[in-house]
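Student: Residue numbers (my numbering), protein chains in the order written: chain P, 516 to 804; chain E, 516 to 804; chain Z, 516 to 804; chain H, 516 to 804; chain D, 516 to 804; chain L, 516 to 804.
One should not assume that every hint holds.
Stretch by stretch, here's where chain L covers chain P in the computed footprint (C-beta under 8 angstroms, at least three residues) [as the list claims (entries may be wrong)]:
1) 528-538
2) 653-667
3) 769-780
In silico PhoX-like cross-links for lysine-lysine, where the CA-CA straight-line distance does not exceed 20 angstroms [claimed, not checked]:
4) K588(E) <-> K593(P)
5) K750(Z) <-> K539(Z)
6) K539(E) <-> K776(E)
7) K750(H) <-> K588(Z)
8) K593(E) <-> K588(P)
9) K588(L) <-> K593(D)
No lab work stands behind these hints, which were simulated from the structure alone.
Beta carbons are placed, not taken as given, at the ideal position from N, Cα and C, and that holds for glycine.
What follows is the residue order along each chain.
Number of protein chains: 6
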Amino acid sequence: MANASTRAEIIIGALPYIQAFRGKTVVVKYGGNAMVDPALTTAVIQDVILMGLVGMQPVVVHGGGPQIDEAMKTSGLKPTFIHGLRVTDAATMRIVERVLVGEINQSIVASIGRLGGSAIGLSGKDGGLIRARKAPATPGPDGQALDLGLVGEVAGVDPRPIRILHAAGYIPVVAPTASDEAGATYNINADVVAGEMAAALSAEKLVLLTDTDGILGRQGQLLSTLSLQDVERLKADGTINKGMLPKVGACLTALRAGVRKTHIINGTRQHGLIEELLTPEGVGTEIVA
Amino acid sequence: MANASTRAEIIIGALPYIQAFRGKTVVVKYGGNAMVDPALTTAVIQDVILMGLVGMQPVVVHGGGPQIDEAMKTSGLKPTFIHGLRVTDAATMRIVERVLVGEINQSIVASIGRLGGSAIGLSGKDGGLIRARKAPATPGPDGQALDLGLVGEVAGVDPRPIRILHAAGYIPVVAPTASDEAGATYNINADVVAGEMAAALSAEKLVLLTDTDGILGRQGQLLSTLSLQDVERLKADGTINKGMLPKVGACLTALRAGVRKTHIINGTRQHGLIEELLTPEGVGTEIVA
Amino acid sequence: MANASTRAEIIIGALPYIQAFRGKTVVVKYGGNAMVDPALTTAVIQDVILMGLVGMQPVVVHGGGPQIDEAMKTSGLKPTFIHGLRVTDAATMRIVERVLVGEINQSIVASIGRLGGSAIGLSGKDGGLIRARKAPATPGPDGQALDLGLVGEVAGVDPRPIRILHAAGYIPVVAPTASDEAGATYNINADVVAGEMAAALSAEKLVLLTDTDGILGRQGQLLSTLSLQDVERLKADGTINKGMLPKVGACLTALRAGVRKTHIINGTRQHGLIEELLTPEGVGTEIVA
Amino acid sequence: MANASTRAEIIIGALPYIQAFRGKTVVVKYGGNAMVDPALTTAVIQDVILMGLVGMQPVVVHGGGPQIDEAMKTSGLKPTFIHGLRVTDAATMRIVERVLVGEINQSIVASIGRLGGSAIGLSGKDGGLIRARKAPATPGPDGQALDLGLVGEVAGVDPRPIRILHAAGYIPVVAPTASDEAGATYNINADVVAGEMAAALSAEKLVLLTDTDGILGRQGQLLSTLSLQDVERLKADGTINKGMLPKVGACLTALRAGVRKTHIINGTRQHGLIEELLTPEGVGTEIVA
Amino acid sequence: MANASTRAEIIIGALPYIQAFRGKTVVVKYGGNAMVDPALTTAVIQDVILMGLVGMQPVVVHGGGPQIDEAMKTSGLKPTFIHGLRVTDAATMRIVERVLVGEINQSIVASIGRLGGSAIGLSGKDGGLIRARKAPATPGPDGQALDLGLVGEVAGVDPRPIRILHAAGYIPVVAPTASDEAGATYNINADVVAGEMAAALSAEKLVLLTDTDGILGRQGQLLSTLSLQDVERLKADGTINKGMLPKVGACLTALRAGVRKTHIINGTRQHGLIEELLTPEGVGTEIVA
Amino acid sequence: MANASTRAEIIIGALPYIQAFRGKTVVVKYGGNAMVDPALTTAVIQDVILMGLVGMQPVVVHGGGPQIDEAMKTSGLKPTFIHGLRVTDAATMRIVERVLVGEINQSIVASIGRLGGSAIGLSGKDGGLIRARKAPATPGPDGQALDLGLVGEVAGVDPRPIRILHAAGYIPVVAPTASDEAGATYNINADVVAGEMAAALSAEKLVLLTDTDGILGRQGQLLSTLSLQDVERLKADGTINKGMLPKVGACLTALRAGVRKTHIINGTRQHGLIEELLTPEGVGTEIVA
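So here's chain P without its partners, still in its complex pose (with noise of 0.2 angstroms):
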């Protein structure tokens, strides 16, 4: 382990990047893969409340995939995915529902409290911050539409539930449910809310922790940095697809809202957030317009 002279000198080496992002939004998005270890989480937690402490505005967007798995099972239904997004009839929203503002927003938000920070939890009806609409149905093989049920869109982000709460130095955690203005409510992949806050609040930058290190090309290997042209190739040839692709199009809304970085960086390594932020190494892809 570093001694304390070295320790001091890593610490004052990330001056210019506090500095650089004082002020700034920073959208975090938080998935349901990454989320499954507790030292894991506790440690994406710590970084969360850091960038709070060193003068950048976190937003964490979290998303809870397999803990829905499981409650449906709990409860006798069985999951079915159409292209990635899952088929929400009524009993199954109720429980998507219940799980992440119920269960998944509380626990992150306790974690926060826990670590000496101060969260609140805000789905997408709290205050009005996001409207939804219901997804236009999905091709299917045969060309068909696939209606995928309670599936949502953004329709709009009233950004003011947000600032409040970081005037008032509190972290909003946002759950991706929200309801239409016919009061039926939505499931929204967590990918599309986290580049939908990031556009709406002018992030300075959109992080979207996953489980793997970043998008990796055909053999493998990990691609840094890529263009909105690189991207337009490699989800043309394939090489971008499934789980990645709500996150690529998450960059892409950002970005074409003025954010001027984005990442997706590996959140089951311990402190990327930090190391992304913090450090002169950048981890995992990042996706610049």
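Go by the hints and put chains E, Z, H, D and L onto chain P.
Tutor: Chains E, Z, H, D and L in isolation, oriented as in the chain P frame:
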């Protein structure tokens, strides 16, 4: 139905009550039994929105007993009660939190939004609103101590999240779950939470909505106004018992902290809150210091 | 009389109107003829206080014709009118100002205070609220120009005093007198002042209280809603004439400046303002752009 | 006339006085007798405007005896005085209020505006500034109690309207009329109102402008500085009498409430206020605690 | 000496000037030659304090030529000038900064404090107030380029430190030294700094205090008012030359940025600033756009 | 060198210290001896900037002994010391002020700016920050009183300029010179100023950077933690002596005013401030109450 002129006179009749409550905090406990009929829920929520618009600072605390029972059944768990308090093991607590925070709280928040107000849901964990501690064992029939598991008490309330939401024009909606310093999550009786919130916020009034007309005497007659001494006597002779005990306890907690008036009224009566707050006729039972 | 439950329903019926007018400025012209009955005055003032309490920003502009006539008689002066405008020499102006500012304005301010509101009286001179200029000569029956003396027009409005009083929670009560840059004092038609105030304050609504039910058609029937074109036609054919002319002119001034709705209603009808603002039934005549 | 260099030296000579009065409230009573000459009025108003510009918070309280007498004569009423206090029946009160609020107050407000300042007129009714109560009967020549009618005393002052106008940069101009809780309007001696305003506002100074050079001794000599004891002695031996009694009473009221200095000076002396406040030479009589 | 009444009239004569300058920024350049007599310095500082008290926002920019010369001599260095600009090597720069920031600036700040004001000294380095860059070489007698060493120009002004000190009630006192992006320290002509500060602060006025009566014509007569064209002509024919060149240049810089008036006046004339700002007689030379 | 992952862990290791110091004032005395190496100065300044960025409110107080000695030599003056305090005649004081305020202070301010922070330099004269008084004569070797000349003590501190600069985001850098009420300028020991600033600002911590590792015991071993009693004993037996005496005195001043911890650490150790403040290992000597 009254003609326009009579309507106007009735509306202007609310003037002295609106003047009296201006800028005052009013805590409303909205119980699980009073929530089952959607039309009634709409009426209660309209009342709360109007409270805010005429200058009061409403706080809604909700319970959710029937909904929790149903969710437990779906998951194959059997509710057990001792002295009206739910015995809460870890599996039960998980369901309690999911249902209270992830379903009922969200449902009230969404309804307020749909009816033109703006609410933000909080549990005791959000912003450190409520610190919990384990409730002491309760004496059993044979004098033995019965452990209720994860049933908690209020160890402290931080009014800051409520004040910030009020200042920003949001109606806070509070679910009665909270964690202790070690991170354990507790289920707290919602009446108790409402009483403690009223006390901590120096509320003007505490109104508990239930599914009876108030405290009834031996002959089933409504007792309109009770003093603290009356309450002690009625508890001693068993007239006040069972589920009415925590309600009366919440009133006493609030009154001792300086809350001026406390009410137990019938939440299944359309716009009973408005009757109580904005017309000369009180409803239900009023307990005063 | 309605029972408590019906009363509560009627009160809650005001909710959508309260929501719609929240934070909006509403200018109320309260005319001399509508002021003579003390019970009616009390009713109008209660209405204005309630408007403030449910979140509107009311401004009261008052006239005082009958009271000025009476004061002139006491002083041995004989009122003269041309086209409904008072010919105002220096001696008359002195009486007009004394009565409007020193009697009627003070009487309204005191009534608001006695009924639990808080008002501050202003003339056009206070804080430079209104800059006046001499009204042009009016054409006489033989085409000659008739000088009305110290009858003024509104040359400009400084909304700052109104904004400051609103922000501090006071109801501004405005007397229609003002001075020009040379220091001469003018009497301005109160309807005209109300229209200009509504325009300068970007008010949501202008309501002119008079002593008839609104604008009446040829057969004496009430005309409920009129467009700008309707008004031009009715002026051309003489249906709108005499004292109704400045009222209609005030509505046009306000509408052209972006005020959404203007109303001419019967101020001698108990709580007509509340009927108009907070119940589904409109009263009187509404002129819209 | 002094040359430019001497002028500059004289202006800079005001520096220590400006430093001493910065941010301090100074109440100026401007009496009816001192108001009759327009040139003098202009001078007094310039002084008040300058007071505001160099950082003091001036409050003007005005009387209006001569103007009221004249208005009463015009209306065929005969002024009656007991111990220098106007016997005020309802008809007289109506004229008093019209003249004080609707003529003199407006005249001062307009003059301040014309000379480049910005003033807002208030009576005791505006914003609940002064609560009045009926003055006790005064002892008559034969020891009987003489009722003065609607002559009032100050029962309370709410400094909030003054503070709000000062904060917004307006000079408050106060007419000495007010109502009691039952709504009756009273005429209060303007010296008394000035003393009570100074007391309620914790003013630094109270300056009463009158039409004599100050308090004169037996030989007609000016008494420059008097202590509270001196004043008691001079009242006892009749040196202070008649109209000087309420002035001295106002000084005592203010001094007892902690006002540091009180002055009775000649308002018919050009720029006497500036002499008193901003030059080394005091004028008139100073009464100190 | 004038009597009290005349003094009061003279003071009130300042009223229109005080009204005109309220809230306006006035930059005063106080030159080294005008500083040598302590009585004069006291007079100038009183003037600046009074400017602040009557509502102007004064900024003092000072030079220090004679004091620097003296310090150089003490250190055995010989001052050299080209076109009136000090050739500044590193040793000289060190003395310049010590004397300007560590002696003259502190002396002015302390004097303001001793005379009842409150000042905070700034150099161009403090809070990044001024960014400097090396001045271009100046043409020598034979057309060759002469390097002046560490003589700088103003590359940019950040008005924020001045605004913050003004808002907190402090008088900013600015020494004309600053550094460039590479960290080199420069000596900038104080007249130039004053002109740039006036420009960057959108000042109402720039007043340069020097030791002559203003700009003199061929016959030694004072030129009271000059237009931009006049100035160009007088520069062309050599009437404006030497040390007056940077002063005139500062006026042009300020005028081009929208400053309304610029003045060159005699700082050795007692209270000349007050004469210029607060009496009808201007002094010195006024250059207007 | 540590890899990225280790670096991230070390950075996150600073989290609890950052949480503990959030919003707290920390006074850093940066001594003349610790300033001579530019690389070290850069390191100290980076530390101070980082302190500000992680939420502390740093105040830098600097000395300048070696630089003053050198400047005196250049001017042909010979430094004389009694008990480690510089005998300061008028000529010396002039050099002291020039060097401290005009050179060292400016150098620190400029360095902070160049490294991305923003600082404003203050002496005790600026904004009346420090009121000085002449230090009492010091006892000489033969018991006689030795006058130190213009050596001062702190008679009072006005924290307002520091608070305003902190609120605006600037780092205040304080030179230890100040004047008394008569206007005489004094040189105050910088350790003493730092102690008094920490006391007046209710600082959380006082850190004195010197050129030794802390307080050393008889055997030259570092004494890590000392209580007030330890300090008294070590002063009595001469272990603490010479230049360490004012440092220890500053710590005692601060501790008695409620400052929680005081430290004497080696400023020539790279990033020693960060080690002390943000890592588990303390360095130097800590004196606690």
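Student: Each of the hints needs a verdict: does it hold here or not?
Tutor: Going down the list of hints, with the structure as the test:
no., hint, verdict
1, 528-538, "holds (count 7)"
2, 653-667, "violated (count 0)"
3, 769-780, "violated (count 0)"
4, K588(E) <-> K593(P), "holds, 19 angstroms"
5, K750(Z) <-> K539(Z), "violated, 30 angstroms"
6, K539(E) <-> K776(E), "holds, 12 angstroms"
7, K750(H) <-> K588(Z), "violated, 46 angstroms"
8, K593(E) <-> K588(P), "holds, 19 angstroms"
9, K588(L) <-> K593(D), "holds, 19 angstroms"
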